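Student: Here is what each chain is made of, one letter per residue.
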Amino acid sequence: MPRLASQPDLSQRTISDEIADRHALEQDAAASEGRGLAAHPRRDFAPYRSTLLRHPTHELVRADPEEIELVSPAFGHTDVAAEEADLTIQHTGEPLGERIIVTGRVLDGEGRPVRNQLVEIWQANASGRYVHKRDQHPAPLDPNFTGVGRIITGDDGSYRLTTIKPGAYPWKNHRNAWRPAHIHFSFFGSAFTQRLITQMYFPGDPLFALDPIFQSIVDPAARERLVAAYDHDVSEPEWAIGYHWDVVLTGPKSTWMEPEDADHA
Amino acid sequence: MPEQTDRTEQTTPLGQTPSQTVGPFFGYALPYDGGPDVRAPWLPDAIRLHGAVFDGAGDPIPDAIVEIWGADAAGRPSTERGSFTRDQHGFTGFGRAAVDRDGHYSFTTIKPGAMRDGSAPYLLVTIFARGVLQHLFTRAYFGDEPAANAADPLLARVDPARRGTLVAESDAPGSYRFDVRLQGEGETVFLDYGTEL
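So the sequences go chain by chain: Z and E.
Mapping of the first sequence onto the working numbering: residues 1 to 265, in sequence order.
Mapping of the second sequence onto the working numbering: residues 1 to 197, in sequence order.
Some hints here could point you the wrong way.
Said to hold, decoys possible - Beta-carbon label-pair distances, calculated as ranges: (1) G174/E to R35/Z: 46 to 52 Å; (2) G34/Z to Y32/E: 44 to 50 Å; (3) E169/E to D44/Z: 28 to 34 Å; (4) G90/E to S235/Z: 38 to 44 Å; (5) H104/E to T57/Z: 36 to 42 Å; (6) H77/Z to G113/E: 26 to 32 Å; (7) Y28/E to Q12/Z: 28 to 34 Å; (8) P13/E to P237/Z: 35 to 41 Å; (9) A209/Z to G90/E: 16 to 22 Å; (10) G34/Z to G143/E: 43 to 49 Å.
Just so you know, the hints here were simulated from the structure itself, not pulled from any lab data.
The model shown is predicted, which means the values in this text are computed figures rather than measured ones.
Heads up, the beta-carbon is just placed ideally off N, CA and C, and yes, glycines get one too.
Pulled out of the complex, with its shape left as it was, chain Z reads as follows (with noise of 0.2 Å):
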């Protein structure tokens, strides 16, 4: 198979180089202004080059929720099958790869269990390959596995699903890039706000210090936050490797009310 074509001018360490820039302006910026530093990734984080052309350049605009996006679309088990939980069972054969158990409970920003509310995942093969026409990473595809599933949070907001650990995967950013292996998540709150979609990632990669959308995250705590726990107490005997990762749907910051004399934003 032809392999992938990459982009030789642009190496690893001028988009390492760019990172740090960005993490030290972010930094020196929170410093100043005597902040934390954000939770989510920066969208116009320019080592991911994908950014440059699909980040908005004008500020937000902030609004007050009406009543749609204070609650969520409701799903159940007429939408989701419990089977659906387990990526290792679609397909007569098993799939092959290190078999794991990912769970965890979600969660709003008071600890209160977000319930009955619908989880989607998808993810690559043990081989880093996605079941999509345009991954052209000449990986093998498994005929015994798809890597989409679906859950539904029980009442105390706990999911749990079993699959297959995903492989890393190389990707046209610059020359020699790799992804950290991830699973895709899909999160709906118990508002539209809460509304999340992420990566999940797996303790101790070597790639996390490469790659320009987990740094995207310029808050070291905050990325720590998307790498699961290795889980002994999940891993079950002579069976599949445990993972626990909970995650947190914070709601707007505060009840904000609609300035008198604002300014147009």
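Chain Z is fixed; fit chain E onto it per the hints.
Tutor: Just chain E now, kept in the frame of chain Z:
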């Protein structure tokens, strides 16, 4: 004294889990049959909301995915289940549509009622794409509601030169066009609900 006890039991707010891009390879995972059909198209109250998503060079984005969430005709959010398995007669209010190669998406839904006295009806629109590290929220108001729009508190706060980016204009009977520009000329107004941490 009881107040003091309450205070000491308060826990520190938990840290938000950060967003990451939806990436390029969601196409076999997130779209689903019936996702864009929030209301069955043959029902008399069905409307179409469609448009395209553009980048800062004015080119259509072929790998974005759009979600809408809206109230019913009376301005109330639906509590019906079944957004994934539509029964063709109900209304859950939630829809999801991946854009095509020309960046175009299309939903059928209901034109919502206003949720508050003095505010205009709208659909909440959420944009996810490769290169978008955190999704973007916006609202699609309706061009054939000029009086309600003129009184709406959010629209009133937006720079008049940019206000039109929040309005879906009628382009055919029962059809509204809502283009989204992520950057540059005509950049869409995106919203912060106090969750930009």
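Student: For every hint, state whether the structure bears it out.
Tutor: The hints, checked one at a time:
1. Checking the proposed 46 to 52 Å range against G174/E and R35/Z shows it holds: the Cβ atoms sit about 48 Å from each other.
2. G34/Z and Y32/E have their C-beta atoms about 46 Å apart, which keeps the hinted 44 to 50 Å range intact.
3. Distance hint check for E169/E and D44/Z: the Cβ-Cβ separation is about 29 Å, which falls inside the suggested range of 28 to 34 Å.
4. A hinted range of 38 to 44 Å for the beta carbons of G90/E and S235/Z is consistent with their spacing of about 43 Å.
5. A C-beta distance of roughly 24 Å is found between H104/E and T57/Z, which places it outside the suggested range of 36 to 42 Å.
6. The supplied range of 26 to 32 Å is met by H77/Z and G113/E, whose beta-carbon atoms lie about 30 Å from each other.
7. Distance hint check for Y28/E and Q12/Z: the Cβ-Cβ separation is about 30 Å, which falls inside the suggested range of 28 to 34 Å.
8. The hint said 35 to 41 Å for the Cβ distance between P13/E and P237/Z, and at roughly 38 Å that hint holds.
9. Against the hinted window of 16 to 22 Å, the Cβ-Cβ separation of A209/Z and G90/E comes to about 49 Å, which falls outside the hint.
10. In this structure the supplied range 43 to 49 Å holds for G34/Z paired with G143/E, their Cβ-Cβ distance being about 44 Å.
Violated hints, in rising order: 5, 9; the structure is consistent with all others.
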